[in-house]
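2 protein chains.
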Amino acid sequence: MRIFIAGMDGYLGWPLAVYLACKGHEVAGADIFMRRKWVKERGNHSATPIRSMRDRLGAFREVFGKSIAFHVGDLRQYEFVHHVLGDFRPDAIVHLAEQPSAPYSMIDIDHAMFTQTNNLVTTLNLLYAVYDLCPDCHLVKLGTMGEYGTPNVPIPEGFFTIEYRGKTDTLPFPKQAGSWYHLSKVHDSQNIAFACRSWGLRSTDLMQGPVYGIRTEETQADERLLTRFDFGEVFGTALNRFCAQAVIGFPLTPYGKGQQKRGFINLIDSMRCIELSILNPPDRAEYRVFNQFTEIFSMVDLAQAVKEAGEKMGISVQVAHVEVDPRVEAERHLYEADHQKLLDLGLQPHRMVDALEYILRDLTKYKDRIEAKKEHILPTIYWSKEKREAAAGLRLREVALR
Amino acid sequence: MRIFIAGMDGYLGWPLAVYLACKGHEVAGADIFMRRKWVKERGNHSATPIRSMRDRLGAFREVFGKSIAFHVGDLRQYEFVHHVLGDFRPDAIVHLAEQPSAPYSMIDIDHAMFTQTNNLVTTLNLLYAVYDLCPDCHLVKLGTMGEYGTPNVPIPEGFFTIEYRGKTDTLPFPKQAGSWYHLSKVHDSQNIAFACRSWGLRSTDLMQGPVYGIRTEETQADERLLTRFDFGEVFGTALNRFCAQAVIGFPLTPYGKGQQKRGFINLIDSMRCIELSILNPPDRAEYRVFNQFTEIFSMVDLAQAVKEAGEKMGISVQVAHVEVDPRVEAERHLYEADHQKLLDLGLQPHRMVDALEYILRDLTKYKDRIEAKKEHILPTIYWSKEKREAAAGLRLREVALR
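Note that the protein sequences, when read in sequence, are chains A and B. Residues in the first sequence are numbered from 1 upward in steps of one, following this note's numbering. Residues in the second sequence are numbered from 1 upward in steps of one, following this note's numbering.
So here's chain A without its partners, still in its complex pose (with noise of 0.2 Å):
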């Protein structure tokens, strides 16, 4: 199949193309290098040394004598995104283009604006694109698992039948996102659902826990292939964060009660979920809505084991909770989500406890890097004025360093 990557240079991206490349689909992507950008912007960098694209692609083609299109471009730019669909014509488009991180999105306006617009425009410019040039093309979007929030109901997959005063319907499930950078996506998932319903397009709205992880099968064949890594407050997600912290012997750090409880799931499966989706798509004019999460865990669960990995291995680790959550959230909720569409595709899950070894020994290799920017680690960006007061009394920085 022709498979278009947006976003081909993120942590998903990349490895996502390797992937689809080698098991023979077509591949093309674009990206015009924001998260390195944004990451730089932060003063972070990836705990993993990651080459430029020029290096990655030609890495590739050393390694598996096959080739991946590329075009550095902006996809806020409709003529861009015209251009390289209208070239390509894929069959499927897998949309990571958006800024993804919550923290980056509560900074200040200047934030909160650019991850709303930014995300709003390139979804709709892509399916603006999509409805001229390649009506039939499934276009799979990464949502995450935060539109929904934490309500005191199951999560179903995106619609859920009720009855309602004696009448029944199946609706859309209600979203009660978390940060501007989840409202973007459920901004995105309502404009995309109109698209199916009114253009006859076709769409998977993937809602993604915290994905973890390094290596995938094929990244693992050499080193310029490998994909980024973030740690930082800002765009590590929760158990990267945690196994860079170990790896350092600075202390894990939940937030609050640590009782939060999020689906997670390894980057292997991410990748196989995103083409499962792609090999089975949903027929013209239907919306679908898959949660893409293996495993749920709360904050602690994942702190400690981390904790029992890291002493596996003899390394000592610690656990501190940062006393003042800097988002506003529940700190205690139920959370009893599906997902068990892609399972009924065939993924096979990988379970966390056998991946903590390998991430682990991994990121010993970049140590160093991780050392250098341990100061990006805590939480320095607050949901709300309340929140930063509060932490600023506790002097959280110091404490935590100590």
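Rather than coming from a laboratory, the hints here were simulated on the basis of the structure. Treat each hint with caution, since some may be false.
In the PhoX-like style, the derived pairs of lysine-lysine whose C-alpha atoms are separated by at most 25 Å in a straight line are [to be verified]:
no., chain 1, residue 1, chain 2, residue 2
1, B, 167, A, 167
2, B, 373, B, 307
3, B, 312, A, 167
4, A, 374, A, 257
5, A, 257, A, 307
6, A, 307, A, 367
7, B, 167, A, 341
8, A, 387, A, 257
9, B, 367, B, 312
Following the hints, position chain B against chain A.
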């Protein structure tokens, strides 16, 4: 109270400023006259010959001996929003500063993008400025009943309590909006609810149905105080459009079968609802939703009512269905929507049937202005290529204008 009106030059904004100032409130507002520009861009004009803001403000001072403060500026610029709110420190803000037309948003990608980014950015600016400057201020936001779409269950006022798989929660009612414009309001609602949850802001989101009418008690005092009255396919609301058609002997044109039902509200009641919301603010951190309409009619009900009112005045009124509904929407559907909360606060609704004669009589004065732009009444903007093609096949325009 100190009330700031964002979008003070529009159909609702201007009579609202006059109404609230006459009630003794201190009123300030801002606008950059975009509505005038959009209507002109589409080649149309207001049926009522509206004055410049300078003339309006002068006439108001002359007639009522009071002042309304006004700032020309773009609410997409945070510095401007921050400046005017910092100066005025309102107790309440009425946010009307959005592109309000579904057809306008469906013209092409540029209009879709403009509508969604304009509305999103303006609302985010107001939220950040309120949080920074006057977090106790009550944000009264004009949403639309169109956010809900037409589900097969009754529509509550914003939230519903449901049991799902043995658990119970009160959740936002799902949204299934029918245009990029309606979706922009859904995005706003999501963003505002988040700001209330996270920052402790207070807001009332008014899910308003189509508004009809021209005069309010106050603007009746002097013709220079008249608000605009749009009657074209782009900015004319259904009933206003039908009244304009009746006055020039143009057949009323329900779309498709005309069984689409909506909740309507008189301009006078709309002003009163906004006032009632302001006088009864929600608590801090509360995001409150009122459904703001008074009577539900189908499009054929409306056409019939206008026909009868016209005939009482000796105007012969024809009804000619536009065979292809230009919108993608359910032409037959359930529509049971609550609208109790504003009644509980004291709203005494006007009945549409009593208003029609006044509207028709008023419009008769501006018959020539409607006649001059009658080619802008029939639909030319289609929700999808399929709709456009179906309509082209029928040579709609020629048939209906015959």
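We went through each hint and held it up to the structure:
The straight-line distance between the Cα atoms of residue 167 of chain B and residue 167 of chain A is roughly 19 Å, inside the 25 Å bound, and the hint therefore holds. Under the criterion of a C-alpha separation no larger than 25 Å, the hint pairing residue 373 of chain B with residue 307 of chain B is consistent with the structure, at around 21 Å. With a CA separation close to 40 Å, the supplied pair residue 312 of chain B and residue 167 of chain A exceeds the 25 Å bound. Among the hinted pairs, residue 374 of chain A with residue 257 of chain A is consistent with the structure: their alpha-carbon atoms are about 23 Å apart, no more than 25 Å.
Restraint check for residue 257 of chain A and residue 307 of chain A: satisfied, since their Cα atoms lie roughly 17 Å apart, inside the 25 Å limit. For the suggested pair residue 307 of chain A and residue 367 of chain A, the alpha carbons sit about 17 Å apart, so the restraint of at most 25 Å is met. Taken as a hint, the residue 167 of chain B and residue 341 of chain A pair is honoured in the structure, with Cα atoms around 22 Å apart against an allowance of 25 Å. Restraint check for residue 387 of chain A and residue 257 of chain A: the C-alpha separation of about 15 Å stays at or below 25 Å, so the hint holds.
A C-alpha spacing of about 18 Å is found between residue 367 of chain B and residue 312 of chain B, which places the hinted pair at or below 25 Å, so the restraint holds.
Hint check: a violation occurs at hint 3 only; the rest are consistent with the structure.
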